[in-house]
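J.: Single-letter residue listing:
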Amino acid sequence: GDSVTQMEGPVTLSEEAFLTINCTYTATGYPSLFWYVQYPGEGLQLLLKATKADDKGSNKGFEATYRKETTSFHLEKGSVQVSDSAVYFCALIGNSGYSTLTFGKGTMLLVSP
Amino acid sequence: NAGVTQTPKFRVLKTGQSMTLLCAQDMNHEYMYWYRQDPGMGLRLIHYSVGEGTTAKGEVPDGYNVSRLKKQNFLLGLESAAPSQTSVYFCASSYEGLGSRNSPLHFGNGTRLTVT
Numbered sequence: 001g002d003s004v005t006q007m008e009g010p011v012t013l014s015e016e017a018f019l020t021i022n023c024t025y026t027a028t029g030y031p032s033l034f035w036y037v038q039y040p041g042e043g044l045q046l047l048l049k050a051t052k053a054d055d056k057g058s059n060k061g062f063e064a065t066y067r068k069e070t071t072s073f074h075l076e077k078g079s080v081q082v083s084d085s086a087v088y089f090c091a092l093i094g095n096s097g098y099s100t101l102t103f104g105k106g107t108m109l110l111v112s113p
Numbered sequence: 114n115a116g117v118t119q120t121p122k123f124r125v126l127k128t129g130q131s132m133t134l135l136c137a138q139d140m141n142h143e144y145m146y147w148y149r150q151d152p153g154m155g156l157r158l159i160h161y162s163v164g165e166g167t168t169a170k171g172e173v174p175d176g177y178n179v180s181r182l183k184k185q186n187f188l189l190g191l192e193s194a195a196p197s198q199t200s201v202y203f204c205a206s207s208y209e210g211l212g213s214r215n216s217p218l219h220f221g222n223g224t225r226l227t228v229t
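Chains as they are written, first to last, in my numbering: chain A, 1 to 113; chain B, 114 to 229.
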């Protein structure tokens, strides 16, 4: 079945540092890929998405590129802020018309001033 | 516009007790979902609904029941709570449903349930 693997956290960075959170997936065909973010005490929110190979999703300074050849969708940001501290979830929807979202286990990001 | 509202926010149950978690959405979404979030496990789908009066099992449905009597509400019931059901429960809704790549899920803020 479909699965998503994320790097384990927490990831601890200083403000203005470069961020990478790795995400790889297993799925047949061409799934759509997503990053969701969960701020403390809140539900998840869609951060960005990519629906086909080589697409780049971007939002709020975050970017991720759909790499079919490496089955990856790594999240990056050039300069993190304290307010980016949250848990980040990589997710996919498979090709089946009845597919639901499959989530990774989440990666906590802690940014210090 | 409240989005997705979950009640209660917190609850402590004793083993064997029952309770119902309520989810309400005001976005006129057809599709609604219940997830549980456990440390190191990510989010796992419990049950979902593709419209008023419908329900379907997700990845981890055992020990839970659901009902969707009204389009805006999706109830999750625990008939006899067990410590293994200690978790944070999230409700979500979406305009389009299964397999949709263009309709993001809108999540509530969660219910933290502890079963002792």
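Take these hints with a grain of salt, some might be off.
If you only want the chain B side, here are some residues facing chain A, beta carbon under 10 Å, derived [what the hints assert, rightly or not]:
#, residue
1, GLY116
2, VAL117
3, MET140
4, TYR161
5, GLY164
6, THR168
7, GLU172
8, VAL173
9, TYR177
10, CYS204
11, TYR208
12, ASN215
13, PHE220
14, ASN222
15, GLY223
Hints listed in this document are in silico derivations from the structure and should not be mistaken for laboratory results.
Here a beta-carbon is modelled for each residue, glycine too, at the ideal position from N, C-alpha and C.
J.: Hint by hint, which ones does this structure get wrong, listed from lowest number up?
T.: 3, 5, 6, 8, 9, 11
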